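Q: What follows is the residue order along each chain.
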Amino acid sequence: MEIVKSLKEELEISLEIFCKYVIINKDKKIIPILPFSQNLEEFIENVNKNSENTLIIFFSSIGKDNNEFYEIYKDWLFVIEYYALILEVPFNIGLLREIINKEKKWLKPKKIKEIYNNIKEAMKKGEVKGNGR
Amino acid sequence: MDDKTNIFQELNDRISKKGKFLEYEHGGERFFSNLVPNPELFDFYISMDIANSLSVYHFFQRLKLELLVIDDNPELFNEILDIYKNENYFEYEIIEVCNFNKIKDLLNEIKNKINKVDLILLDLHFKEKDFTGEDILTYLKWNYPGIPIFILSKTHDIEKIKEIFEKEAEYFVSKSRIAGLPWFIYNFIDTNFGEVILNLNKKERRFLIFNIIKWKRNETYLWHGEKTYNMVEHTVHHSDSMWKLFNEFYKSIPTLFDKENILQIGLSIWLHDIGYKGYEKIIEPQLVRKKHHLITGELLNLNPELYLDREDKELIKNISLICAYHMRESPLNENCCRALNERIDKDFYYPSSFNFLNETWKGKDGEIIYLKEIDKNLVFPASILRMLDVIDKGLHRVGREIEEDVKMGTTIEDTLYYLKQLEREVEILKERIGNLRSTKRFGEFFNEIEKFLNMIRNEIKGKYKNDMRELNKKMRSPEEFSKNGEKERSGEEIYIEFYKSLKKLKSKSREINLKAEDIFSSETFEKIHILLDQVFYLLDTPLHFFTHRTFKNPTIEKYGGSFKIIYYFNEDFVNLPYNENFDFGDFSRLFQESWKIWGDIYREYIPVKNIFESKNIKFEKVEFRYRNGINKDVVLFEFPFNEKFIEVELKLKFENEYEMNEFIENMKNHIGIREKETKVVEDSFYDNDTQNCDFKKRGWFLRKREMGRKTIYEIKIEPLYWKGEYEYRIEIGPKNHNTERNENGGDIFFKLLKNNIIKDERCLEKIKKNFENSSTFFQYTQKRKNFSSNEMKDILFCSDIVEVEYKKNKLYLFEIEIQNGQPYEKEKKVREIEDKIRRFFPEIDKYIFTKTKLDWVEEQKNEKSVDSG
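Protein sequence lines correspond, in order, to chains A and B.
Just so you know, our numbering puts the end of the first sequence at 281, numbered straight through with nothing missing.
Just so you know, our numbering puts the end of the second sequence at 874, numbered straight through with nothing missing.
Derived from the structure by calculation, the hints contain no laboratory data.
These numbers come from a predicted model, not from an experiment.
One or more of the hints may lead you astray.
Below, a list of computed lysine-lysine pairs in the DSSO-like style, where the Cα atoms sit at most 27 Å apart [to be verified]:
(1) B:K626 to B:K569
(2) B:K658 to A:K256
(3) B:K508 to B:K858
(4) B:K759 to A:K259
(5) A:K256 to B:K69
(6) A:K272 to B:K132
(7) B:K798 to B:K649
(8) B:K508 to A:K259
(9) B:K109 to B:K165
(10) A:K273 to B:K798
(11) B:K488 to B:K658
(12) B:K90 to A:K258
Could you build the full structure based on these sequences and the hints that come with them?
A: Listed below in structure tokens is the structure:
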């Protein structure tokens with residue numbers, strides 16, 4: 149079982165592969181997906197089936213209002229807000245399945261980049277046309 | 006990879022810095038130098054807005070909003086709207102103001118389009134027009150008060166912005182921040198309506214959102230003319246808070262709700278208390294309070310157009326039924342009635358005095374109108390409404406201090422008014438029974454009730470009023486609450502006395518009600534009964550206020566497979582363990598208030614438990630927490646919804662052994678009990694004699710009981726407040742506590758608390774400090790005879806002859822304790838036995854003993870010491 153060194157590294161790989169599960173426990177250590185496949189094959193199968201091309205990151209035991217956590221991972225807040233499902237431990241398989249089965253649509257990174265640049269561009273044009281400020 | 010990561014890093018950077026927004030704008034070195042925002046800051050805004058908007062993409066995919074943009078110069082930003090539109094954030098349509106010369110034509114155009122839009126974006130300034138966006142805003146808010154309007158303007162004039170909010174615009178979006186539009190819309194919807202509305206279809210969602218906006222803006226739409234102004238708030242804040250609770254609850258179990266349920270519960274949350282205004286047939290506040298749920302149902306049926314602008318008879322019928330069944334005494338199904346063991350409100354028997362109920366009922370005369378039989382799909386929403394209603398307690402319902410003072414002041418005046426009414430009713434009753442009133446039986450009763458009313462009046466005008474004022478004042482300096490002043494009483498002393506004297510009055514009132522039941526039919530005495538209930542309700546009001554003020558932010562959280570309810574203590578009103586001078590008195594107060602909340606919820610939960618369980622939902626406990634520093638929660642108490650947590654018993658006290666034996670013989674003959682065993686029991690009580698930690702005076706007892714070789718330690722807590730009829734106590738086990746040799750009473754006390762209720766080490770440490778010398782302070786021996794009964798297996802009968810050291814004093818007690826079942830069942834069983842005994846032992850009242858054994862023994866001890874002194 150390979151333990152990835154940092155969340156940043158893990159997220160980068162996740163974004164690249166675009167289909168990855170990361171579990172972070174309460175000590176903020178990263179646990180790769182492997183434990184799931186050992187014990188809960190059915191679950192994994194379900195996850196894979198329902199979440200094609202989707203990145204789901206499970207942060208466990210970290211409340212949304214945990215400032216410390218956000219401080220540590222501040223460089224990845226967009227990813228956290230955009231992709232992550234923050235859960236508290238212990239959670240059960242039923243809950244996970246419920247969440248995974250729930251439809252959640254994401255924009256792919258390429259699309260995000262496109263929207264980002266286009267809006268920036270349009271905003272600047274609008275400003276010039278407007279009061280010139 | 007690199008390119009991709011850069012974009013994410015930039016987006017991350019914007020989101021992570023949004024918290025430091027102000028600092029950036031005003032204090033940061035980058036932007037500090039200019040008065041006018043520079044391009045760099047502008048760039049920062051744009052990136053931040055886009056990042057935020059992107060992060061709520063999934064939300065908009067479910068929402069499918071349609072916007073109407075009213076602007077004279079839309080080409081400035083329609084490119085941006087187009088980008089969002091192309092990514093399915095929303096649909097939009099523009100009304101170009103420059104195409105209209107007269108406001109009338111423009112308004113007509115808006116009118117044509119308004120029926121399908123979800124939200125309006127409105128510009129403020131139109132070039133070369135003699136009307137402005139404000140005119141449109143006023144028109145729209147007058148004619149379509151529920152439609153959300155976002156003002157979209159370039160203005161940075163704060164005065165103007167203030168004005169448009171006064172005109173009830175929902176949001177202000179600066180045109181230079183248009184990139185963040187999806188984020189602003191998300192914020193608005195999420196804060197006000199939450200995730201739950203995403204599951205409704207467009208039509209229902211619009212309907213719900215528009216109504217909620219309308220009701221929130223102007224509470225008179227729903228609650229105009231409420232008759233029960235003394236009560237805690239039950240209008241906008243209450244509904245809003247229930248709505249939030251519903252969202253939290255829903256998030257954990259979304260699959261259990263269908264669209265219909267969501268709409269029904271959503272509307273009921275806002276409409277369930279409109280009955281507090283009364284209606285043509287019921288206008289007296291005391292009746293309105295008791296029947297408000299049914300009045301709500303009737304009002305919704307009588308004038309649906311006033312409350313819901315939709316002609317959907319089925320929906321109106323369903324909402325009115327859900328609202329009508331939101332009180333505890335309403336029969337949802339047979340199990341609910343069985344669990345309740347209380348009298349079902351007589352208006353739920355067919356025929357009811359509420360027509361809307363009769364119209365839905367196809368059964369026979371005299372039958373209970375079960376909601377399940379009218380429509381079984383409404384039972385679940387009605388039980389959810391009940392739970393949300395009872396959970397919503399806290400600061401937000403009691404207004405500001407001045408409002409509290411006014412309400413409490415009015416309470417006294419009102420109570421005196423109801424006492425007058427009571428006296429009048431007593432006179433009327435006297436008239437009605439004519440000559441009978443001079444018979445001994447009735448004469449004595451009237452004497453007693455008149456004396457009682459006088460007693461209440463004197464109490465209110467004197468002690469009650471003064472104590473309430475003083476307490477109210479003292480409660481506001483939480484750190485002083487349990488500290489003794491040099492001359493005056495501490496807040497805590499008044500607090501305890503206040504509760505105790507009310508309890509005394511209440512038990513007297515119960516006695517009178519019982520006697521009345523014997524000699525009058527329930528209809529004859531009903532008016533007096535209701536008025537008495539109202540008087541005691543009013544007298545309780547200050548205590549309700551204190552309880553509400555003790556807490557804030559109720560929440561529901563999923564916890565494993567079940568739910569827990571969480572409250573946070575209000576640090577401005579109570580002293581908390583992180584403060585230096587937190588002591589046992591403060592702890593006891595927190596415990597008492599938490600117990601009240603827990604008791605209310607549990608009583609409401611029991612009748613609907615079966616309905617929740619059929620959906621695999623279980624409420625397990627209530628947690629009471631406080632915040633320590635930023636975002637650090639500390640759980641202070643944990644109260645389980647567990648029947649074993651409380652003890653219900655009936656105690657009878659006799660003058661001498663002969664009297665008791667005679668009673669036991671009667672019990673043997675009539676109830677069929679038989680003697681089982683005799684034990685000699687040694688009871689030792691612990692307390693601490695330092696002034697600040699005397700826990701006995703606060704209703705806490707640590708008892709060590711020795712029976713032969715067996716030793717049991719127990720903490721018994723007598724809550725100051727209970728709404729039921731019988732004495733309640735909390736028992737904290739474990740029954741068999743293995744003690745170590747050197748442990749004193751204090752150590753055992755803490756061990757038991759720690760294992761059962763208190764979850765906060767710091768709190769334990771704080772109260773432990775003063776406890777080191779806790780030792781046995783009192784002992785007595787009792788000879789206990791146990792009895793058993795074939796018929797009533799889970800009832801413990803026993804007789805005690807308590808002997809105190811000085812031998813001369815003996816206490817003769819007979820105890821009836823219910824072993825199993827939830828509180829209602831326990832109460833019901835006690836009542837059944839009481840009724841049985843009453844049949845052959847009419848004078849049982851004089852033997853009912855509500856004081857604790859210990860108090861009695863203490864009294865004897867004091868008398869003794871005075872004698873010997």
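Q: All hints, please: hold or fail.
A: Each hint, compared with the structure:
1. A hinted pair counts as satisfied when its Cα atoms are at most 27 Å apart, and K626 (chain B) with K569 (chain B) qualifies at roughly 5 Å.
2. For the given pair, K658 (chain B) sits about 78 Å from K256 (chain A) by alpha-carbon distance, which is inconsistent with the 27 Å threshold.
3. Between the alpha carbons of K508 (chain B) and K858 (chain B) the distance comes to roughly 17 Å, so the proposed pair stays at or under 27 Å and holds.
4. The hinted pair formed by K759 (chain B) and K259 (chain A) fails the criterion: a straight-line CA distance of about 55 Å is larger than 27 Å.
5. Taking the CA atoms of K256 (chain A) and K69 (chain B), the gap is about 20 Å. The hint holds against a cut of 27 Å.
6. The straight-line distance between the Cα atoms of K272 (chain A) and K132 (chain B) is roughly 23 Å, inside the 27 Å bound, and the hint therefore holds.
7. For the suggested pair K798 (chain B) and K649 (chain B), the alpha carbons sit about 17 Å apart, so the restraint of at most 27 Å is met.
8. In summary, the hint linking K508 (chain B) to K259 (chain A) is not supported, as the alpha carbons are separated by about 68 Å, beyond the 27 Å threshold.
9. About 24 Å separates the Cα atoms of K109 (chain B) and K165 (chain B), which keeps this hinted pair within 27 Å; it holds.
10. The straight-line distance between the Cα atoms of K273 (chain A) and K798 (chain B) is roughly 85 Å, outside the 27 Å bound, and the hint therefore fails.
11. As the CA atoms of K488 (chain B) and K658 (chain B) are separated by approximately 37 Å, the hinted pair breaks the 27 Å bound.
12. For the suggested pair K90 (chain B) and K258 (chain A), the alpha carbons sit about 18 Å apart, so the restraint of at most 27 Å is met.
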